[in-house]
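Protein chains in written order, with the UniProt record's numbering: chain D, 1 to 333; chain S, 1 to 369.
Mixed in with the good hints there might be a few duds.
[Unchecked claim] No farther apart than 20 Å at their CA atoms in a straight line, the calculated lysine to aspartate or glutamate pairs in the EDC-like style are these:
id: 1; chain 1: S; residue 1: K361; chain 2: D; residue 2: D202
id: 2; chain 1: S; residue 1: K361; chain 2: D; residue 2: E22
id: 3; chain 1: S; residue 1: K324; chain 2: S; residue 2: E336
id: 4; chain 1: S; residue 1: K364; chain 2: D; residue 2: D165
id: 5; chain 1: D; residue 1: K51; chain 2: S; residue 2: E256
id: 6; chain 1: S; residue 1: K163; chain 2: D; residue 2: D251
id: 7; chain 1: S; residue 1: K163; chain 2: D; residue 2: E285
id: 8; chain 1: S; residue 1: K364; chain 2: D; residue 2: E285
id: 9; chain 1: S; residue 1: K361; chain 2: D; residue 2: D251
id: 10; chain 1: S; residue 1: K359; chain 2: D; residue 2: E193
By construction, these hints were calculated from the structure, which means they are not laboratory data.
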Amino acid sequence: MPLITYRQALNEALAEEIERDENVVLIGEEVAEYNGAYKVTEGLWAKYGDKRVVDAPISEAGFIGMGVGASMLGVRPVMELMFWSFAYVAMDQMINNAATVRYMSGGLINCPIVVRGPANGGTNVGATHSHTPENLFASMPGLKVVVPATAYDAKGLMKAAIRDDDPVYVMENTLLYGEKWEVPTNDELEEGELVIPLGVADLKREGTDLSIIAHGRCVIESLKAAEVLKHDHGLDVEVLDLRSIRPLDEDAILATVRKTNNVLLVDENRPFCGVSSMIATIIQEKAFDDLDGPIMRVNTIDAPAIYSPGVEPHQLPNVDRIVAKVLDMQISK
Amino acid sequence: MPAQNKTNADKKSACSKAVDYSQAEINKQLTPEDKVELYRQMVRIRKFEQISLKYYNQGVMGGFLHLYIGQEAVAVGTCSLKGDHDHYITTYRDHGHALALGMNMNECMAELFGKATGCSKGKGGSMHFFAPDKNYWGGHGIVGGQTPLGAGLAYGVKYLGHKGSCLCYMGDGAINQGAYHEALNLAGLWDLPVIFIIENNGYSMGTSQKRSSAHPEEGLAARAEGYGIEWDVINGENIYEVRAKTWEAMERAHNESRPTVLEIDTYRYYGHSVADANAKKYRSKEEIERYQREHDPLKIWQNILIEEGHLTEDEAKQIDKEAKEEALASAKFAEESPYPEVADIMDDIYYEVDRGTDKAKHGKYFFND
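Next up, chain D with everything else stripped away, as it sits in the complex (with noise of 0.2 Å):
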């Protein structure tokens, strides 16, 4: 099984999507003669033309809005956004009218739309460019909201967020674009080819003491941490891999939390309001009477992104910020 980085996962699910789909068009800035502003895009468009990989004006409203309209009509667009700060320019487009058409037309129009980009903060590109708005867009009905770890999960939910008939918003993270997990070709699979369906957690570490419920990088910086629990405190740390946070895998958290009755919720959006808000009160109504003690968090501290180098590594979570917590909730064995 081929070690290859979380982009080249990202660049070979679009390019298989191309491949197998006509109506598969991606449309960005900087998407096909410069070859992609995070090189995900890298190689596509010398590839497959002008016709299939599209650079866009920086006009987020207008090429996401024109990505929308072409969508109801049967194309399948894949929207680049440099990052996904510049969605919020494109906010009447992406929930306005992307989460809103099917509803609003009793069932008449889809929207099959994909867009993509890193979102996360950690780059010292200060606060208007370190944007998390999962918890944002998955607060509207309509849309899907992914957000893989690793390379294997970023191939594999890309191809299956293509496939998917709503809108799908697929966020990846640029500290992790340059990391590498082993991913099979498709000789290697059975099936032929790696399709995650949406709303399947991944249970990426097993452990009897403390549920650690993450999604994104999170889970990396978490699986970290569990490495220094087990080595340095004994303790034995589960980290549940949410993949997708709309739909949400409720099962899987609630197994988890029975399993170890021990919970801390990690996640690069802020404390107010954010997702892990409401993966806390969903463990709160339905499993509260397996928790040994309350649930806690780590988020991002709960400003706006500070640039200093020195410093923004602090404002997120991280392996320190999350062991020092978990020593915090002082979990017996």
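Chain D is already provided as a structure; the job is to place chain S on it using the hints.
Then chain S, alone, in the frame of chain D:
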């Protein structure tokens, strides 16, 4: 207050009065029956609107009601040109286009009443009519928000290799929205077969064009020049002119895949919505009455048909009567139809949830479902 459309009439189409658009090729193809049918469609829209206003005032409908009365020649003229691959999308003032494209009054009126038999099952309301089987893509509530969608429908037409177009309507207020300019840039840049139609009734809600749009003298469509897009101004009270000039734009879309911006000057007799039903706070009674007296598209078309010998006054009265009966019957249908069930709130949100597929079993979509 000076009449906005008087200045509009001095714009690019000033010479239009001298041109006999009845002799345009697309209009010469009309049979007498076709011409009477155009009249019937205009009358149907007006009666539908009048009856809906009556019921709205009785409090049986929710939300807003943006009436199209006074603008009928625009929808009927442009929609009468539809081919298999021509698509239509508009703003919240969407009843006229819906009827002109063949939606039936029952499903439209029932939607206003919020009934399960409505075209959007009571989920969209007045501003959100849709009929994709008739190439009608709504019905959109945010001013200017539909303009990138219109460009996208045109992109779809082109991508799928069809010889077609998208007619994307908006009011004059929409041209000041950023989304409109982005859509125009994309249309000009990517040769999209889209026709942006500004139904210029002189007022963005309660604010006159002069108080809302910079440099209105030359015409609102003239901004298209900045994007290298052809534009024209049309007298929206004459259906011959509407059809002839819109067809020119559609041919440009069909044959050259190039966009056009058309400004169709028209007038609404009622307010922006029933919230300002009289609309007399921002325009004079005299102005409204003058338009009704001198510029009414129904009367103008009726007179042309009578002059051409295709219609008698008695026949016109009969058409009027039938349309009113049809509209009243649709109100009865709507009244007698059931509301959606409370459980129906949860339908039509996700494709596979509605179909109960295996995929939908993978994760929870809804809180507390």
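Evaluation of the provided hints:
1. Restraint check: the Cα-Cα separation between K361(S) and D202(D) comes to about 16 Å, which is no more than 20 Å; the hinted pair holds.
2. Pair hint K361(S) plus E22(D) does not hold up; C-alpha atoms about 28 Å apart against a cutoff of 20 Å.
3. Among the hinted pairs, K324(S) with E336(S) is consistent with the structure: their alpha-carbon atoms are about 18 Å apart, no more than 20 Å.
4. A C-alpha spacing of about 17 Å is found between K364(S) and D165(D), which places the hinted pair at or below 20 Å, so the restraint holds.
5. Restraint check for K51(D) and E256(S): the C-alpha separation of about 17 Å stays at or below 20 Å, so the hint holds.
6. At most 20 Å may separate the alpha-carbon atoms for a hinted pair to count; K163(S) and D251(D) exceed this at roughly 49 Å.
7. Distance check on the hinted pair: K163(S) and E285(D) sit about 56 Å apart at the alpha-carbon level, beyond 20 Å; violated.
8. For a cut-off of 20 Å, the pair hint linking K364(S) to E285(D) stands: about 15 Å separates their Cα positions.
9. Straight-line distance between C-alpha atoms of K361(S) and D251(D) comes to about 11 Å, which keeps the hinted pair within the 20 Å bound.
10. A threshold of 20 Å between alpha carbons decides the hint, and for K359(S) with E193(D) the separation of about 17 Å falls inside it, so the pair holds.
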